Amino acid sequence: MSSINSTDERKRIHDATQKLLAGTPQRSNGKLTVSNLAIEARLSRQRLYEHHPDLVSTFKTRAGTGPLTPDIEAMRRQLDDARDRIRELETRETERLDQIKAALCSHHRTHPPSTRRQSRRPTSQQMK
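Reading the sequence shown from the start, the letters are residues 1 to 128 in the numbering used here.
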């Protein structure tokens, strides 16, 4: 395949991608499929898949039907938000534990543990 032919095909694929994504197809029904990409680019699907898999992948991703490339910044923000939420929950947990401890101490001050109750059953020595 000559580089001129390849360059022309790549341009046609790029143009076809733009038309389909913009909703202005000229040769197809406009659905975001590889078949329609081939129709718009005036190529066979086989040629697309065999000679331009990178452009097929790009089209699928942009059309929302292929693998998504990770947005690193968005993932970092999400991780930072999760870490902030964890810190917030840990702080709340510590505050609640402190409240529980304070309530227990207050309860023990006002209601000291009673001395051990005597058993109502007589012991063996008391029975003698």
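Rather than coming from a laboratory, the hints here were simulated on the basis of the structure.
Note that this is a predicted model, so its numbers are computed, not measured.
We treat Cβ as the ideally placed atom computed from N, Cα and C, and that holds for glycine.
The reader is advised that the hints may include incorrect statements.
So the derived label-pair ranges between C-beta atoms look like this [stated by the list, open to error]:
#1 M75 x T24: 30 to 36 angstroms
#2 T110 x Q78: 45 to 51 angstroms
#3 R85 x R62: 29 to 35 angstroms
Simulated pairs of lysine-lysine, DSS-like, Cα-Cα distance not exceeding 25 angstroms [as the list claims (entries may be wrong)]:
#4 K19 x K31
#5 K101 x K31
#6 K31 x K11
#7 K60 x K101
#8 K60 x K31
* **Cβ separation of M75 and T24, checked against the hinted range 30 to 36 angstroms** => holds, 33 angstroms
* Asked: Under the criterion that the straight-line Cα-Cα distance not exceed 25 angstroms, is the pair K60, K31 satisfied?
  -> holds, 12 angstroms
* Asked: Can the suggested window of 45 to 51 angstroms be confirmed for the beta-carbon pair T110 and Q78?
  -> Because 48 angstroms falls inside the window, the suggested range holds.
* Given pair status - K101, K60, alpha carbons within 25 angstroms -> violated, 58 angstroms
* Asked: Straight-line Cα separation of K31 and K11 no greater than 25 angstroms?
  -> Cα-Cα ~20 angstroms, so holds.
* Asked: For the pair supplied as a hint, K19 and K31, is the alpha-carbon distance within the 25 angstroms limit?
  -> holds, 11 angstroms
* Asked: Does the structure keep K101 and K31 at a Cα separation of 25 angstroms or less?
  -> Distance ~64 angstroms between K101 and K31 Cα, so the pair is violated.
* Asked: Holds or violated: 29 to 35 angstroms for the Cβ distance of R85 and R62?
  -> holds, 32 angstroms
Of the numbered hints stated above, those contradicted by the structure are hints 5, 7, listed in ascending order.
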